[in-house]
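Listed here are the chains, written in short residue letters.
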Amino acid sequence: MMDTRKDAQQRGFCNASAVIGRRCAALLWAALLAVLVPAPLLAADVAPAQASYPPVLAGKALSFPHDLGAHPDYRTEWWYITGWLHDAAGEERGFQLTFFRVRTLIGEDNPSRFAPSQLILAHAAVADPATGRLRHAERAARAYPELAEAATGTTQVGVGGWSLRTDGGAPDSDRAPYRTHIDAQDFAFDLVFEPGRAPLLNGREGFSQKAPDPINASYYYSRPQLRTAGTLRLDGERFAVKGHAWLDHEWSSEILPAAASGWDWIGINLHDGGSLMLFQMRDAEGRAMWAAGTLGDKAGKARKFAADEVRFEPLRHWTSPRTGVRYPVEWRLHLADGRTLQLRPLLDDQELDSRSSTGAVYWEGAVRLFEAQADGGEREIGQGYLEMTGYAERLNM
Amino acid sequence: MDCHFLLLPPMLTAHALRKTLPGTPPRVLFDTLELQVGAGECVAIVGESGSGKSTLLNCLAGLEPVDGGRIEVGGQRIEGLDEDAMARLRRSAYGFVFQAFHILPHLSLVQNVALPLWLLRTDDKEAEARARTMLTRVGLGTRADDPPHELSGGEMQRVAIARALVHRPRLVLADEPTGNLDPVRASDVLDLLLEQIRDSEAAGVLVTHSRVAARRADRVLELGVQGLVDITERA
Amino acid sequence: MSATLHRLFLASLLRRRLATALSLFAIALGVALGLAVQLIHSAAIDEFGRGMRLIAGEADLQLVGARDGFDEAIYPVLAARAEVAEASPVLVIQARLPGREDALEIHGVDLFRLARVQPMLLPRAAAAADAADTRFAALQPDNIFLSDEARAHLSESQQLESGEFAAPALRGGELVLQSGVRSFALRVAGEVPAASASLAVMDIAGAQQHFDRIGVLSRIDLKLAAGVSAQMARQSLATLLPPGLSLRVPEAAASELSTLSRAYRVNLTMLAAIALLTGGFLVFSTQLLSVVRRRREFALLRALGMERRQLLRGLLAEGAAVGLAGGLLGVALGHGLAAAAFKFVGGDLGAGFFRGTQPQLQFDAMLVVGYLLLGIAAGVIGTWLPAREASRVAPARALKAGEGEYAGLPQVRGGWRPGVGLLVIAGLACILPPLNDIPIGGYGAVALTLAAAVLLLPTIARGVLPVLRRGRALSWRLAHARLSATPGQAVVAGAGVVASVALAAAMAIMVSSFRVSVDDWLAQVLPADLYVRASVSSGSGYLDGDALARIAAVPGVATVDTTRQVNLRISDEEPLFTVLARPVRGNWGLPLIAGSSERPARVNAADAAGEIDADLPPAWISEATADRRQIGVGDRLTLPLGGQLRHFIVAGIWRDYARQHGAALIESADYVALTGDQRINDAAISLAPGSDAATVAAALRADFGAEHLSIALPGEIRALSLQIFDRTFLITYLMEAVTVMIGLFGIATTFAALATTREGEFGMLRHLGFTRADIGRLIAIEGALTASLGVIAGLLAGAAIAWILIEIVNRQSFHWSMDLAVPWGALALFASSLIVLAALVARLAGARAMQRSAALAVKADW
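Protein sequence lines, in the order shown, are assigned to chains A, B and C. With the first letter of the first sequence counted as 1, position 379 gets the number 379 in full-length UniProt numbering; the numbers rise by one all the way through. With the first letter of the second sequence counted as 1, position 139 gets the number 139 in full-length UniProt numbering; the numbers rise by one all the way through. With the first letter of the third sequence counted as 1, position 623 gets the number 623 in full-length UniProt numbering; the numbers rise by one all the way through.
One chain only, chain A, in its complex shape:
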């Protein structure tokens, strides 16, 4: 009896994340549902996408600034920013923020402003080596005018007082800066992000396939090398901070295959002004079932890696003292162009443990990227973020 139940919960957790999409807050949302709805029901969520979600098709050209805004017809959408900040004292910290939009297909005929046809969720975290762990917080709400919205035509998304929007003199330009306001209990930040270059399209002109079946795909562009400045508050202390960040904007209707158990993703701003995005999808046995990547140069020109051109190799594991989950916190990355890179975390403990609220457990943190040198040594070539999901439930098995 107990076993069945536990098993059902695990499957429910896993599958819910698979339905909704990629990153951490997808897990958060799944976890929120898991609190409210018992697992067996969620297990049924592997049902095929409903007809009313438009499919993600190759060949559709993305257009800016319109595609900076929301795409409410699609099932899931997110704006995801990660980055590194340093204060006047030179202290380095990582940060992350995500805004999600989910279309539920519920109440679309309901004139009530509370109709839950669109949900807006957000998640934010700060990795501070001084405290040795992540600070994180989340927000969730149904879309409601002024309180929780994801506007179309331009990036303007907010929930529970948190916001991310394009700002500055040229809102209609694709170079307009982004501004965010995040205010949680033990941290807060107000940051401005300057893109300085056009959006970098991932996959085939923004069509990013996620699995062997092309139905599992998203529209996906990145804004690497965002020049970042603003203020950061940790508990009561305020810092003026500067740094660099990375924005992903991705929308989809049927992003993940049922067989996927988790993924590993990186987004790195290279010191030479370029950018590197890589991800791999893992199956239930932990083997890569799909992978892809984009390597951009300073000018914004990109080299795409296909599924067979990227390989993730775990090097070192760290076991969380809180959850007992074991994460590969150091990786070796093998690229088709012959380069071999190494990822090392800013700190090991960047586990996101929200068992007390949404129940989600995963690892998402600031990392440095190193490249082996001809002299046998290695050199830091970039800084960015690593996300690893789907390790917690495997451990529980």
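In case anyone wonders, no lab produced these hints; they're calculated from the structure. The structure displayed is predicted, hence computed values, not measured ones. Please note: incorrect hints may appear among the correct ones.
SDA-like, lysine to any residue: derived pairs with alpha carbons at most 20 Å apart [unchecked claim]: (1) A:Lys301 - A:Gln156; (2) C:Lys223 - A:Lys301; (3) B:Lys125 - C:Ala473; (4) A:Lys242 - A:Pro129; (5) C:Lys223 - C:Leu78; (6) A:Lys301 - A:Arg339; (7) B:Lys125 - C:Lys343; (8) C:Lys343 - C:Leu333; (9) A:Lys304 - A:Ala184; (10) A:Lys304 - A:Gly153; (11) A:Lys242 - A:Ala176; (12) A:Lys60 - A:Gly153; (13) C:Lys223 - A:Ala184; (14) C:Lys223 - C:Leu122; (15) C:Lys223 - A:Gly161; (16) B:Lys125 - C:Pro466; (17) A:Lys301 - A:Leu335; (18) B:Lys125 - C:Trp476; (19) A:Lys304 - A:Val325.
Quick list of the computed label-pair ranges, beta carbon to beta carbon [unchecked claim]: (20) A:Ala58 - C:Gly227: 50 to 58 Å; (21) C:Gly227 - A:Ala259: 22 to 30 Å; (22) A:His66 - C:Ser196: 39 to 47 Å; (23) C:Ile431 - B:Asp124: 23 to 31 Å; (24) A:Thr319 - C:Ala80: 40 to 48 Å; (25) A:Pro111 - C:Arg550: 20 to 28 Å.
We put the CB at the ideal spot given by N, CA and C, even for glycine.
Following the hints, position chains B and C against chain A.
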């Protein structure tokens, strides 16, 4: 001594009276007691404390049953009467004088005296007239409408005597009528009582342990287990 | 002292068991009634507060407005404020269950806002077979979640007033509900595990849609940002609020309710106090008589060296012992009464303030100690005068044999002055204004009138007894003579009767006046032939224009007039104000007591305030509104309607027994123009000549579905209203009965005690030829006469108190006037039965006097 009463039939006759007090063995208070009192005659009964004087009086009043014998009042036998019939007989045929007077404080003197007449349903006016006459006879005519609480003990007992005789009873029973009075007043009251009994031609039975009082009666009888012994001469 | 105390004083209580038991019981009843009222009320408030806490959860402040809800426009404003950490909007629906007479309280909530503010309302989806639409189970508009209590309740069939049974509302996992005049089903998708009340939770959007409340909220629960106090937030947010909305701390709901029921509760407590007072009189009677009887005993004790103070203390200890024992018994009885009340009538004390709560009896040590002390106080105060009297007796005089057998009875001759003085003060007290809606002056006047009636008893006896002198029978004469001579005895024996008769007569007159007035009023307000409603005013059933058109189309319907009833929140002090939107004339009556159904010709200049008031729409206000706001015809009335302050000109004042907290009537057209609210609660139909109400009702039922409408003839509404009226007063009848019983105890104890002291008298009378039956008759007549005096005084006092209740207490507590209607027949019957009962009781209590041997009785000196 005026002995005209001897010529008349007795008002009260007690024959072969027997009374025992319950207990093991039962105590015999008196047995084969004989008593006859004529109209206008006053008999004093004396005896030791506990000899049964009051009990005899209660038996004569029909308030206590006898264990044997016969009692006639004005020719009517009373031993067989039920309680209510006895009560009705007492209304017309009996008059009582108590040691503690028992004058009702909430009635005026004339009302107290008229009480037995009210019981006999005498016409109100007649009752009042007779009660006033009676009060005059006991020397309280001028105070007929006063409330009783201003009276002295002797005066209370005078009212009681008036009440006892107002309805011309055949038998007047008095239990220690002077017990609560000082000697001078006691003497006056006793004289009044005997005089009124004689005038009304009632039979009077007076229970007392005062020999002085007893001597005023026509006969003095001492109560013992063997019955009543005439000790008039000795007293 | 303690041994003496025990042997001489407390043991004396045991020797006169009957009298002690009766006074003890009287105190117990007074304590029990008062305590039960308190217990029931505080348990109901607790229960209500618990329910509120459940619903309010962790909220620091709640935004509340009209009962029908308010525009949700304020929600994003509040939610975005820095002071507010979380704002959780709630739409509460009193959902009508078609065909049933109960309703389901549905909380339409925003799941995402709930967790931080009202975690107790979080729903949990059940494992259902149909998985397709359970993905967002708590967001699906057709899903509803039930608490265990609600599920149990809804799964049962319900017995209707008509005696028929309505089917369970929850069948096959579907719950059938009514909105407007149509039914629809919601799927029961799970439970509300933390909610220990009968309620349901669903998504707020679904609730707005299904119940046609788009854009409407009932409440917004706020969790404040760290460091912001409720006080600060109320101040800073108050300016944002449209009229008619108010921010309050959640606890205020319970105190608001407490305020609403306060007048009624104080009324009941006053009744209990009178019961306790009557108990105190009883202690006074028995102690007085006991002291009289033991006069010589005390004289002897004094002569033997007991100090005056020791004697006093000993006697007071007797009283305290009776009071303590009575208090203990009363505390037990009070808890029993409260428990029984919860079991049989629920926690609302019969007045409907707390309908639907299921309170738990709680032990409150402070309350219990308080009532114990009251019991002891009644015992001690009742003993005080007799004890003082006894301790003052000169030993030598009392020891003298032959002193009057009732020396020591209070000498209350010629004392009409204090009584009349009290009456004058009572009259002055009536002029006092109420304090917090509590008519303290009125209650003071009631107490003073009672005291005056007791003090005037001898005066009344002197006035009445000569009239009764005519009697011929000896027993009558003796009884009459005795009472005439000792009016003190009448006071001692009759005081309890006076108090209880006064109370009962006053209540009877007041209730009768009230009932007759309500009956007249109902006849006036219900002039139509047929009344139709979809549910009570705050329920989910309502009529709309379409429904009205359908009603009008039914053959036999001549005209249809409508009523919209909404409950507004005027201010924190006036949480409940009713606005009725309906035609002033037509199928609804308006029992005007001032003004007319026309617009007033004269407008008060004082209210003009620069605006042209003559153009304002007219409003007719209830008496309560006129009283509370001190306004009259021609004055201006301001109401928060549709989120704005709207002004009206008062055209008339009408009598309203239905809404104690104030109401105003405005024309339907004005209401719709000001608010846009087209809903209708009730329709009044007048029939075309020759049509039959039953036929029209049947046609309406056939058209709308019998389960969707309540159709009533005015006669039925009247009967039901009067039935509710009678139920409301049931508890007061019970309390009166108890008080009358205590009054009879007074007769019993007095006569039991007198029978002993008067043994000599009765013995003498037996000697003189009284039969036992004669003695019994004498005592019975004395009892009857004593009671008659008490009854006469009581009736006089009762009439005065009735006047105070009608003109002062009701006016000030409930703000309604009524026409005096004296129930002569009932009062006569009551008075004569009480006199007969008193005769019986006296006869029974005096039985000992008849048992004793007459021969011994005349001998007894004491």
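request  = Measure nothing beyond the straight line between the CA atoms of Lys304 (chain A) and Ala184 (chain A); if it is 20 Å or shorter, mark the hint as holding.
outcome  = violated, 37 Å
request  = Hint says 39 to 47 Å; check whether the CB-CB distance for His66 (chain A) and Ser196 (chain C) agrees.
outcome  = Check failed, 52 Å falls outside 39 to 47 Å.
query = Does Lys125 (chain B) pair with Lys343 (chain C) here, judged by a C-alpha cut-off of 20 Å?
reply = violated, 67 Å
ask   = Within 20 Å, alpha carbon to alpha carbon, are Lys60 (chain A) and Gly153 (chain A)?
value = Answer holds: Lys60 (chain A) to Gly153 (chain A) is near 17 Å, not above 20 Å.
message = For a C-alpha distance cap of 20 Å, please report whether Lys223 (chain C) and Ala184 (chain A) respect it.
response = Holds - the C-alpha atoms of Ala184 (chain A) and Lys223 (chain C) are around 15 Å apart, at most 20 Å.
request  = Starting from Lys125 (chain B), check that the Cα of Trp476 (chain C) is at most 20 Å away, please.
outcome  = holds, 18 Å
message = Tell me if the straight-line CA distance from Lys343 (chain C) to Leu333 (chain C) falls inside 20 Å.
response = holds, 15 Å
message = Tell me if the straight-line CA distance from Lys125 (chain B) to Ala473 (chain C) falls inside 20 Å.
response = holds, 15 Å
query = For the pair supplied as a hint, Lys304 (chain A) and Val325 (chain A), is the alpha-carbon distance within the 20 Å limit?
reply = violated, 33 Å
query = Quick one, are Lys301 (chain A) and Leu335 (chain A) close enough, alpha carbons at most 20 Å?
reply = Between Lys301 (chain A) and Leu335 (chain A) the Cα gap is close to 18 Å, so the pair holds against 20 Å.
inquiry  = Given a hint of 50 to 58 Å, does the C-beta separation of Ala58 (chain A) and Gly227 (chain C) actually sit inside it?
reply    = holds, 53 Å
message = Checking one constraint from the list: CA of Lys223 (chain C) to CA of Leu122 (chain C), max 20 Å. Satisfied?
response = Given pair Lys223 (chain C), Leu122 (chain C) holds - Cα atoms ~16 Å apart, limit 20 Å.
Checked against the numbered hints given earlier, the structure breaks hints 1, 2, 7, 9, 10, 19, 21, 22, 23 and satisfies all the rest.
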